[in-house]
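*Asks:* Turn these sequences into a full structure, and let the hints steer you where they fit.
Residue numbers (numbering that gives the first Met the number 0), protein chains in the order written: chain R, 0 to 509; chain S, 0 to 482.
Keep in mind that the hints were calculated from the coordinates and are not lab data. Treat each hint with caution, since some may be false.
Stated by the list, open to error - Straight-line alpha carbon distances no greater than 30 Å define the calculated DSS-like cross-link-like pairs of lysine-lysine that follow:
{"no.": "1", "chain 1": "S", "residue 1": "Lys464", "chain 2": "R", "residue 2": "Lys143"}
{"no.": "2", "chain 1": "R", "residue 1": "Lys498", "chain 2": "S", "residue 2": "Lys119"}
{"no.": "3", "chain 1": "R", "residue 1": "Lys418", "chain 2": "S", "residue 2": "Lys119"}
{"no.": "4", "chain 1": "S", "residue 1": "Lys156", "chain 2": "R", "residue 2": "Lys426"}
{"no.": "5", "chain 1": "R", "residue 1": "Lys143", "chain 2": "S", "residue 2": "Lys132"}
{"no.": "6", "chain 1": "R", "residue 1": "Lys365", "chain 2": "R", "residue 2": "Lys376"}
{"no.": "7", "chain 1": "R", "residue 1": "Lys141", "chain 2": "S", "residue 2": "Lys211"}
{"no.": "8", "chain 1": "S", "residue 1": "Lys260", "chain 2": "R", "residue 2": "Lys418"}
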Amino acid sequence: MYSMSLEETEPPNQTLDQVLGWLEDSMSLTPLPEFDDSYLLHEFDGSQTWEWDQAQDPGYDFIHSYSQDLSALMGCEATNLEVVTGAPVISSDPPPVFHQPNEQSMKRNHDGLIDDQLVKRSARSKRKAKKSSEMSCKDGNKEKRWAEQLLNPCALAITARNSSRVQHYLCVLSELASSSGDANHRLAVFGLQALQHHISTSSSVTSSVTFASAEVKMFQKTLLKFYEVSPWFALPNNMANSAILQILAQDPRDKKDLHILDIGVSHGMQWPTLLEALCCRPEGPPPRVRITIVSHLTADIPFSVGPPDYNYGSQLIGFARSLNINLQINVVDKFLQLSDTSSHETVIVCAQFRLHQLKQSTPDEKSEALRALRNLKPKGVVLCEYNGEYSSSGDFAAGFARKLEYLWKFLDSTSYGFKEESSEERKLMEGEAAKVLMSSGEMNEGKDIWYERMRKAGFAAEAFGEDAIDGAKSLLRKYDSNWELRMEDEDTFAGLLWKGEAVSFCSLWK
Amino acid sequence: MAMNYPYDDFLDLFFSNNKAATASTSSCVEQNDGSLDMDWDVDFRDLIESMMSDEGAPTESPPTIPCDHGQEGICNSASTGFSVADGVDDAEEPNPDESKGLRLVHLLVAAAEASTGLDKTRELTRVILARLKELVSPSDRTNMERLADHFTDGLSKLLERANVQRHSSPHQHRDVHHQVDVLSAIQMLQNMSPYVNFGYFTASQAILEAVKYERRIHILDYDITEGVQWASLMQALVCKNTGPLTQHLRITALSRATNGKKSIAAVQEAGRRLTAFAESIGQPFSYHHCKLDTDAFSASSLKLVRGEAVIINCMLHLPRFSHQTPNSLISFLTEAKTLNPKLVTLVHEEVCLMGNQSYLYRFMDLLHQFSAIFDSLEAGPTRAFVERVFIGPWVSSWLTRIAITADDVEFECFASWKGWLETNGFKPVDVSFANRCQAKLLLSLFNDGYRVEELGQNGLVLGWKSRRLVSASFWASRDSSNQ
Numbered sequence: 000m001y002s003m004s005l006e007e008t009e010p011p012n013q014t015l016d017q018v019l020g021w022l023e024d025s026m027s028l029t030p031l032p033e034f035d036d037s038y039l040l041h042e043f044d045g046s047q048t049w050e051w052d053q054a055q056d057p058g059y060d061f062i063h064s065y066s067q068d069l070s071a072l073m074g075c076e077a078t079n080l081e082v083v084t085g086a087p088v089i090s091s092d093p094p095p096v097f098h099q100p101n102e103q104s105m106k107r108n109h110d111g112l113i114d115d116q117l118v119k120r121s122a123r124s125k126r127k128a129k130k131s132s133e134m135s136c137k138d139g140n141k142e143k144r145w146a147e148q149l150l151n152p153c154a155l156a157i158t159a160r161n162s163s164r165v166q167h168y169l170c171v172l173s174e175l176a177s178s179s180g181d182a183n184h185r186l187a188v189f190g191l192q193a194l195q196h197h198i199s200t201s202s203s204v205t206s207s208v209t210f211a212s213a214e215v216k217m218f219q220k221t222l223l224k225f226y227e228v229s230p231w232f233a234l235p236n237n238m239a240n241s242a243i244l245q246i247l248a249q250d251p252r253d254k255k256d257l258h259i260l261d262i263g264v265s266h267g268m269q270w271p272t273l274l275e276a277l278c279c280r281p282e283g284p285p286p287r288v289r290i291t292i293v294s295h296l297t298a299d300i301p302f303s304v305g306p307p308d309y310n311y312g313s314q315l316i317g318f319a320r321s322l323n324i325n326l327q328i329n330v331v332d333k334f335l336q337l338s339d340t341s342s343h344e345t346v347i348v349c350a351q352f353r354l355h356q357l358k359q360s361t362p363d364e365k366s367e368a369l370r371a372l373r374n375l376k377p378k379g380v381v382l383c384e385y386n387g388e389y390s391s392s393g394d395f396a397a398g399f400a401r402k403l404e405y406l407w408k409f410l411d412s413t414s415y416g417f418k419e420e421s422s423e424e425r426k427l428m429e430g431e432a433a434k435v436l437m438s439s440g441e442m443n444e445g446k447d448i449w450y451e452r453m454r455k456a457g458f459a460a461e462a463f464g465e466d467a468i469d470g471a472k473s474l475l476r477k478y479d480s481n482w483e484l485r486m487e488d489e490d491t492f493a494g495l496l497w498k499g500e501a502v503s504f505c506s507l508w509k
Numbered sequence: 000m001a002m003n004y005p006y007d008d009f010l011d012l013f014f015s016n017n018k019a020a021t022a023s024t025s026s027c028v029e030q031n032d033g034s035l036d037m038d039w040d041v042d043f044r045d046l047i048e049s050m051m052s053d054e055g056a057p058t059e060s061p062p063t064i065p066c067d068h069g070q071e072g073i074c075n076s077a078s079t080g081f082s083v084a085d086g087v088d089d090a091e092e093p094n095p096d097e098s099k100g101l102r103l104v105h106l107l108v109a110a111a112e113a114s115t116g117l118d119k120t121r122e123l124t125r126v127i128l129a130r131l132k133e134l135v136s137p138s139d140r141t142n143m144e145r146l147a148d149h150f151t152d153g154l155s156k157l158l159e160r161a162n163v164q165r166h167s168s169p170h171q172h173r174d175v176h177h178q179v180d181v182l183s184a185i186q187m188l189q190n191m192s193p194y195v196n197f198g199y200f201t202a203s204q205a206i207l208e209a210v211k212y213e214r215r216i217h218i219l220d221y222d223i224t225e226g227v228q229w230a231s232l233m234q235a236l237v238c239k240n241t242g243p244l245t246q247h248l249r250i251t252a253l254s255r256a257t258n259g260k261k262s263i264a265a266v267q268e269a270g271r272r273l274t275a276f277a278e279s280i281g282q283p284f285s286y287h288h289c290k291l292d293t294d295a296f297s298a299s300s301l302k303l304v305r306g307e308a309v310i311i312n313c314m315l316h317l318p319r320f321s322h323q324t325p326n327s328l329i330s331f332l333t334e335a336k337t338l339n340p341k342l343v344t345l346v347h348e349e350v351c352l353m354g355n356q357s358y359l360y361r362f363m364d365l366l367h368q369f370s371a372i373f374d375s376l377e378a379g380p381t382r383a384f385v386e387r388v389f390i391g392p393w394v395s396s397w398l399t400r401i402a403i404t405a406d407d408v409e410f411e412c413f414a415s416w417k418g419w420l421e422t423n424g425f426k427p428v429d430v431s432f433a434n435r436c437q438a439k440l441l442l443s444l445f446n447d448g449y450r451v452e453e454l455g456q457n458g459l460v461l462g463w464k465s466r467r468l469v470s471a472s473f474w475a476s477r478d479s480s481n482q
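*Replies:* Put into structure tokens, the structure is as follows:
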């Protein structure tokens, strides 16, 4: 008997109460009025064979259904349902048995597919990961980045306590900063706020446009829009999902539950596509899918905290139900309290852009966290992090320069994506990203340090498969041509670059 | 960008605290914990006030920034808050003209600094100049705005030129205004400020005194420009020489091929004008044009007459065709010394004089200088014309000059004219009482705020408020038979 339930692992706090609320909303069996079944049925229509065209990369379906999935997910709002208060655990009737229409045809195609893919693979086997030259586009880019040419010296002047210099730069920056200008103008706005905040005790200059302050509908709209215009998160999510499928595919006949540990910043955006893909497997989805969301550890890293009343759990569950997937969602607060796994589960950890916020000092929380993850004996760990040039200088100015560089890449790439000047979505994304300037901690340690840590914790790097790589490259083609994916280290490292400079990386471990 | 900030002293001036004009510097230091390297110079506050167009108005300023944060990211809660210079967070409203003036100064300095960064900061320079252009125009109300417009224009031209001729040496090009216009502008300027005539009158007075008993006067004019100086000298000679004994005046004007054809034509034109004028007042006069193909002057290229008193006249205080390094004048003077001149007059701007200064320092010096000049000019219907035709190009030529000579080692080694002249075979010639009186008389015709100071025994300097504008000094060759 399957039950969709929300299990509380912590004494009730506000977050869990809300999650509880979602669950209660989603437990109603009445069909959700906004949800449109028809396109999904279309997928399983007998007349349609699931063709994996030679011309189409395996990742095509992700692209194809990506926005549809998300839209469908957005449609799964349980807004018309009444909240039933008081009952901590609610069970429901079992969902209909998952029916595989055209199972035969799909299987056949799958076999055919396998042959095709083998053909493809052999053709590609000679192909190694391109070891791209260490061509640095930095110098060419740097001339255009005038905001940093004012912000960095200002930070240095603050460190040097040269007040007249500081005042000079702040004045000039105020003159040039503009939230409706290009990426430089915007970077000037955020940088100026951050510097003023740094030297002033009255914190009246913090940007108020962040995820946490956004209204839920706006937040959803923004995320959707952002995924359309930028692969900043879309690509790592895509690779992570591919990796999950890749790991599951290692034991295709394994009937274990899937337990995903979501230590990420996708706010639920990542999972609809995965759920879709799980459905489309010939063997169907796992009997049960659990997603344990590790909620924000600290609030100040960008993208980690959404609006407090944003309930994507119920939406996901509703969506999963429409796919006949038994989805369960947990939320945990404390990072290290992850004991609730069992050997009947395939545990996969998705750590995306959150671990860097753990402290480096004694105790070394990062390493501890990785060891804790190791102890869960996951079948795989997907690690995505920002990939910058790290130096151990603890100087304010040096750290600020690195954060500026990160924000520049974000603003610049986002401006290419959002072609129209001021949209609310763009303001929200940028305002959230700008939190990086005021956050403590080092977020750009770079690939080498992370790899070292993972190895120390007992993990071994694993290569992304052709499907994952091709899928990612396909996805990337949808975006501006300045984006680039570089595979290195025999495909265990997937680097995402903007205008030739490293932004982030994805890696797979076991 | 360079890490050395040579202009802390200057910039501090622009951030003077809002204290009364008579307050001492110590009150500022008391407000801080003393760990800031602020250096308030009260004298210059007057300059800022004058720069901000409202004379006597106290200059508003932002509160000082806290200086107590020792660790990265942590601010001492005891320190004061901070606000940006344009007073966004200020409780009281600063004078909008002054705050705009401050912003303009910051932007100009930033643009100048960025322009030294070559390719790396070209975009930054462009962006700052674009912002400046948004803020100022030649017809703005305040002096500061219009001054900023000229500077913005000058810097923009430099930037364009740098873009276009990145690998060739920038040619020394001056804005094309008709000579007639330039001449008119100089004449108007003479009515608006003692600047022009101070140089001419003091030099001419010294010349008259030196040649009192000479029959023949030969003036070697290093840079005659329009020749305006000599009209009054000739008139003085004519007035003096009422009897049968007249003094014969000969002027040899130099032109250098490096300055282009225009300068040669101008020298010839000046000669024609002076000859006609001399004839009209009955002064015996002859004019010679000494064309130098290279910059090198040789005494042998002069026609000398026995018994004449040789005067060397170097008027450097008005924009000239050429942007010369001191070396040009130095070689001229070295050579001219062999003529045993009875008097050498040297009038020059009091700006960008010291060697060994950074481009930025010189830029700030220019800003101060022209701000003082702007402030000192009488208002009037002709002012706009003068600013457009004369002062704008003047600013541009200076900006080009300091940009070109930014790496000039020779320029940097040059300390001062006084020093050079004294150590190279020249001796000072005292300024007479009459000359001093005349200078003061000249000043009395204009705005309050001008002053004349003595420059040792042999010189006078004209200043506006606290800024020295132009100095005149007098010398003779050590072997001269005079005295």
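*Asks:* For every hint, state whether the structure bears it out.
*Replies:* Now the hints, each set against the structure:
1. Lys464(S) - Lys143(R): Status violated; Cα separation ~43 Å.
2. Lys498(R) - Lys119(S): OK: Lys498(R) and Lys119(S) at ~18 Å, within 30 Å.
3. Lys418(R) - Lys119(S): It holds: about 27 Å lies between the C-alpha atoms, which stays within 30 Å.
4. Lys156(S) - Lys426(R): violated (37 Å)
5. Lys143(R) - Lys132(S): holds (20 Å)
6. Lys365(R) - Lys376(R): OK: Lys365(R) and Lys376(R) at ~17 Å, within 30 Å.
7. Lys141(R) - Lys211(S): violated (67 Å)
8. Lys260(S) - Lys418(R): violated (53 Å)
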